[in-house]
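**Student:** Letter by letter, the chains look like this.
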Amino acid sequence: MPTRQRAFLILASLCLLAVASFGLALTVGSFKVSYGEVLGALLGQEGGAGDVVLQLRLPRAIAGFACGGLLALAGALMQVLLRNPLADPYVLGISGGAGVGAMFAILVGLPVLGIDGLAFAGALGAMFIVFGLAHGDGSWTQTRLLLTGVIVAAGCGALVALMLAIAEEHKLRGMLFWLMGDLGQSTQWWPALLALVVALALAMPFARELNLLSRGMMQAQALGVAVGRLRYAIYLLASLATAASVTTAGSIGFVGLVVPHLVRLATGNDQRLLLPASVLAGGSLLVLADTLARTLIAPQQLPVGVLTALIGVPVFLFLLSRQPK
Amino acid sequence: MSRPLLEARQLRVEIGDKTVVDRLNFAVATGERVAILGRNGAGKSTLLSTLAGLRKAAGGAVLLDGEDAALMPPRQAALQRAWLGQFQNDPFGSTVLETALTGRHPHLGRWDWESTRDAELARGALKAVGLDGMETRQIHTLSGGERQRLAIATLLTQAAPLYLLDEPLSHLDLNHQMAVLELFAGTARDCGAGVIMVLHDPALAHRFCDRALLVFGDGRTEIAPVDDILTAETLSDLYGYGLRQIEDRGHRCFIPE
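So the sequence lines, in the order shown, correspond to chains B and Y. Per our numbering, the very first residue in the first sequence carries number 1217; after that it's consecutive. Per our numbering, the very first residue in the second sequence carries number 163; after that it's consecutive.
Please keep in mind that the hints were generated in silico from the structure rather than gathered at the bench. Do not rely on the hints blindly, as some may be mistaken.
To be verified - Covered stretches of chain B, as calculated for chain Y (at least 3 residues, CB under 8 Å):
# : segment
1 : 1426-1432
2 : 1437-1444
Said to hold, decoys possible - Only some residues are given here: those of chain Y computed to face chain B with a beta carbon under 8 Å:
# : residue
3 : Pro236
4 : Gly247
5 : Gly265
6 : Pro268
We put the beta carbon where it would ideally sit given N, CA and C, even for glycine.
Bound-form chain B, shown alone (with noise of 0.2 Å):
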């Protein structure tokens, strides 16, 4: 058990390294910008690197920022709602929503607004659909939970790959980066920050609770824990989460398995620092990521999603191979 004096240093030196990460994503890319043009851009110096920062790295910064956050606070959440390690923000199926939407809408040749739009109604129709089917009869464990999100993912996956066969050769290439996940794509950077806020700001007073239902159910309710009030909650709010971030950028994969497991190595499963840690940790990952992502084999980009499983995967089979049986 973390005190409260080591959580906040770890807070800390999270939030430093968020910065540190910002810091690479202004600065590195194509047009090399200095730290000081940086922080005179920052400040509202008028100048030739101002544009750069202002306009295009920075609001992409953040929108990354914000995406991983996202990302990583839903799947600490998903792993406690399901009591299941190996749950991620898109094991119930929401991602797979959220590609149905947005591969119809570039099929149809919808705008910009119209994909995120679309993205965001299949994202809730996917959550809705799980939820209907799981909660039929009232009992909606963790299993039947699981096993109807993985069907409605899979369901979800074939529409996906019917909309790819079908879809005209010129817009091949957008549908894929949709679907490996892209910050490229993004328009809008405050309506993710703004859901990571106000998500982190709604589950941080449950955290203690949320340590409870991570060790069952019936325990959690004597001792004390609304565990059919929080359940629902947490599932509303790690889809919304999850949706949230899958509009902004697609649906980026890892960040919201890996993240919360190696915030858990290092400082232990009391979500009161794991919520929190794991949001600063993911949002910088994704930073970071996407920095590689455009600079990598400049000046063409990668999507961000290819990069984060390049790195995910090989980091989560090695937690999974020394995962305690």
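Given the structure of chain B, go ahead and fit chain Y onto it with the hints provided.
**Tutor:** Using the frame of chain B, we list chain Y on its own:
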């Protein structure tokens, strides 16, 4: 006369469509220990979780300290009674001390962190079940018996006036079975705690409890002082297997025919 810690009124418990307990009336006063005995699947655990307010009664009511348990906020209920479940499974890692500290949850405010006093209480509870010195061990490295004793320590940390124990002796060796029963007998005697426990050994029930509640599984229940109800005749009827009773220095022992 103070209010009973727990009172069941015309309580009906169902599993699926089957009524396992029907029109049960009884009350547990401070310092009293009640054993629940019955066959496998007779509904002992279901009855116990209904008494704890963790499960809705199919009929009748459970009163905790005079208030309807069904209407009580979970946190208030957690201050009235502590419940020990049969299964502990832990998908995520945690240390022994952290686990014992979860018992303090109902005593803490929303933004409180566990204080050093809470940690002292948890350490005291761990010592009481013989787990002192193991505070930093990961729970998945514990043996079944140690895990069970940790669950009991968590219960003691919760410090509620009423304990509802579902098979508290499972996984425990003989030495620790006696230690746990003596621990709760002491808590009942010295702190006035009420104890209701599901047991499988009628001899231990006779030795450590004041009354026994027999659950037959078809809706019938019987409750009476252990001396009257724990006899070869009623127990043979309860378990559906002939038992012979032997007395030794005031302790009863039951041997299968």
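**Student:** Output the numbers, in ascending order, of every earlier hint that fails for this structure.
**Tutor:** Violated hints: none at all, because every hint is consistent with the structure.
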